[in-house]
Amino acid sequence: MLRVEAQTRLGALALDVALDVQPGECLALAGPSGAGKTSVLRVAAGLLRPERGLVEAGGETWLDTTRGVDVPPERRRCGYVFQEYALFPHLTAWQNVAYPLRGVPRRQRRERALGLLERFGMRELADARPRTLSGGERQRVALARVLAREPGVLLLDEPLSALDARTRAGAARELASVLRQVETPALLVTHDFAEAAQLGDRVGVIDSGRVIQEGTPSELAAAPRSAFVADFTGAVVLTGVARSGPNGLTHVELDGGGAVTSTDRGDGPVAVSVYPWEIAIEPAAAARPPGSTQNHVSAEVLSVTRIGNRVRLGLRGPQPLAAEITGVSADQLGLRAGAQVIASWKASATRLVAI
Amino acid sequence: MRPFPVLLALALATALSFLTLPVVAIFVDSSPAELIDSLGEPGALDALWLSLRTTAMALAIILLVGTPAAYLLATRSFRGKALVVTLVELPLVLPPAVAGIALLAAVGPSGILGGAVDAAGIELTLQTAGVVVALTFVASPFYIRQAMAAFAAVDRTLLDASRTLGASEARGFRRVMIPAALPGLAAGTALALGRALGEFGATLMFAGSFQGITQTVPLAIYDRFSTNFDSALALSAVLVGISAAILVSVKLVQGSEALGGAPG
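Residue numbers (the working numbering), protein chains in the order written: chain A, 449 to 803; chain B, 1080 to 1343.
No lab work stands behind these hints, which were simulated from the structure alone.
Just so you know, even glycine gets a beta-carbon here, dropped at the ideal spot from N, CA and C.
Do not rely on the hints blindly, as some may be mistaken.
As the list claims (entries may be wrong) - So the derived label-pair ranges between C-beta atoms look like this:
#1 T514/A to E1168/B: 41 to 47 angstroms
#2 I1140/B to E499/A: 51 to 57 angstroms
#3 Q1333/B to R764/A: 40 to 46 angstroms
#4 S1156/B to E622/A: 36 to 42 angstroms
#5 S1156/B to G516/A: 23 to 29 angstroms
#6 L461/A to F1097/B: 20 to 26 angstroms
#7 A576/A to L1326/B: 56 to 62 angstroms
#8 L1166/B to E499/A: 53 to 59 angstroms
#9 Q455/A to E1168/B: 38 to 44 angstroms
As the list claims (entries may be wrong) - Stretch by stretch, here's where chain B covers chain A in the computed footprint (C-beta under 8 angstroms, at least three residues):
#10 542-552
#11 619-625
#12 692-706
Work out the full structure, taking the sequences as your base and the hints as a guide.
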């Protein structure tokens, strides 16, 4: 198990975190840039010494500022995958992988390195230099290299951000399978909630140096504890003032006009969150048959963006909104920028958080 | 034609002819046979051999001490670092005659450390060792400055990666930082080599000009130009050849690096 506690000032940022990661588990820290994500990894690896902190891994104490323990990075068994992979440019792929293999006889070092490259389907490129490799190939070499270290913990800094959109999906699947296989605790940081949800067993949302909510990805998406988390998990966030309505529902007057109802309780200023894929779109002129959706907001279509078989609509209502519908529906409705529509969603899909 | 491009071309032509004409003249003024003949005299060969030996020794000292010093300056920040860097770079702008006087005042027979040097049984003034000291003094800032820039340009995460992969900083310095900074270190070495090979003023003042002991090629050229101009020309031609070879090899090293492209 890995335990990282750190309290330290870093310029304008006050880092204050305490994390536990169990063996075989991957904790993904997700947050905007400048939130202190990478600093947490650097504290764990010994590359950054916090004012106060504790790092324990696999029963060893790597850092304990109260007892003056600070094991240097080279003696902490960390598999640190850097954001741009940090492959040594003057060494070939196999020599990079062999770098941590010290005390292994020369002949066996090459064999061991080739074996690890083989595991990532990279044996043919063993003699290639990093600059001739694609982003995805570099990531595999970097993973093979940290596994050669036989690490007690895995630390991954934005492992997919150096990849182009095309390679990213495949690399993410590969990385997920590596994370499933290893039995060490893994700590991953990313600015992308979807990536965190895909790779992490648990996700911690970090902002301004603090972990503001931790849970499984679906827990976070279903019950965001703050507007920041709701927004970060991809939800549409509107603001308004709530008061108890009839039938146990909460009635929210939105800032800028319009009103919605929610099954959540709330009173006073609130952030209203709803996921774009919960929002249905109808033409503004249509006569609405009675249905089970409670919330209807008039809006103008600002943008129509196709993402595979889906379409993401940017909407201008009393406050900005986004909706995701199927490409088929978008075609049937003939949606284009400037169209007037009604955005509808259920009160039970509407989350309220006091602000 | 428009006037501005013509002006640019004229400026380049003027600079080029001014810079190349004297160098070309060295080879035109005497035939290759005459050049080789005048190299045959013992004093000329002594000077060449001495220049190569002293330059090699000075370079060895510069690389051995300058490389770790430059690495420290490039990778650490500490109070007074700007001052340290300025002090290290000072000999770059020092007139060679001042460098010679300064060395005499420091480690000459009556200099502030003269007694200590003498007590250690080391003779510097009017000795070959003195030439090495003078060359090291004037040439090392060229190397250290360039090496500092080369180390500073290496991505620091490479060193972090090396450490998290189990290598001490010393091993990372050897196995990662030096190879990654190598083109810049080579360029710095070439600059220091060129400066040491051409050193004149400080050597003359600190070590004197004795054939076979302290008379390097530039001193030998000065010694001869009024009495034996052909011999002076021949030695100059050799220096031009060596300097050109240094320049070309630096360009080749940097060119191959540029062609290879930066990682990332």
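These are the hints, each one checked on the structure:
1. T514/A to E1168/B: 41 to 47 angstroms: holds, 44 angstroms
2. I1140/B to E499/A: 51 to 57 angstroms: Hint violated: Cβ distance 43 angstroms, outside 51 to 57 angstroms.
3. Q1333/B to R764/A: 40 to 46 angstroms: violated, 55 angstroms
4. S1156/B to E622/A: 36 to 42 angstroms: Cβ of S1156/B to Cβ of E622/A: about 39 angstroms, so the range 36 to 42 angstroms holds.
5. S1156/B to G516/A: 23 to 29 angstroms: holds, 24 angstroms
6. L461/A to F1097/B: 20 to 26 angstroms: Because 57 angstroms falls outside the window, the suggested range is violated.
7. A576/A to L1326/B: 56 to 62 angstroms: violated, 33 angstroms
8. L1166/B to E499/A: 53 to 59 angstroms: violated, 34 angstroms
9. Q455/A to E1168/B: 38 to 44 angstroms: holds, 41 angstroms
10. 542-552: The restraint on the segment 542-552 of chain A holds, since 3 of its residues have a Cβ under 8 angstroms from chain B and three suffice.
11. 619-625: Since three or more residues must qualify, the claim that chain B covers the segment 619-625 of chain A is violated, with 0 doing so at under 8 angstroms.
12. 692-706: Result for this restraint: violated, n = 0.
Violated hints for the displayed structure, listed by number in ascending order: 2, 3, 6, 7, 8, 11 and 12.
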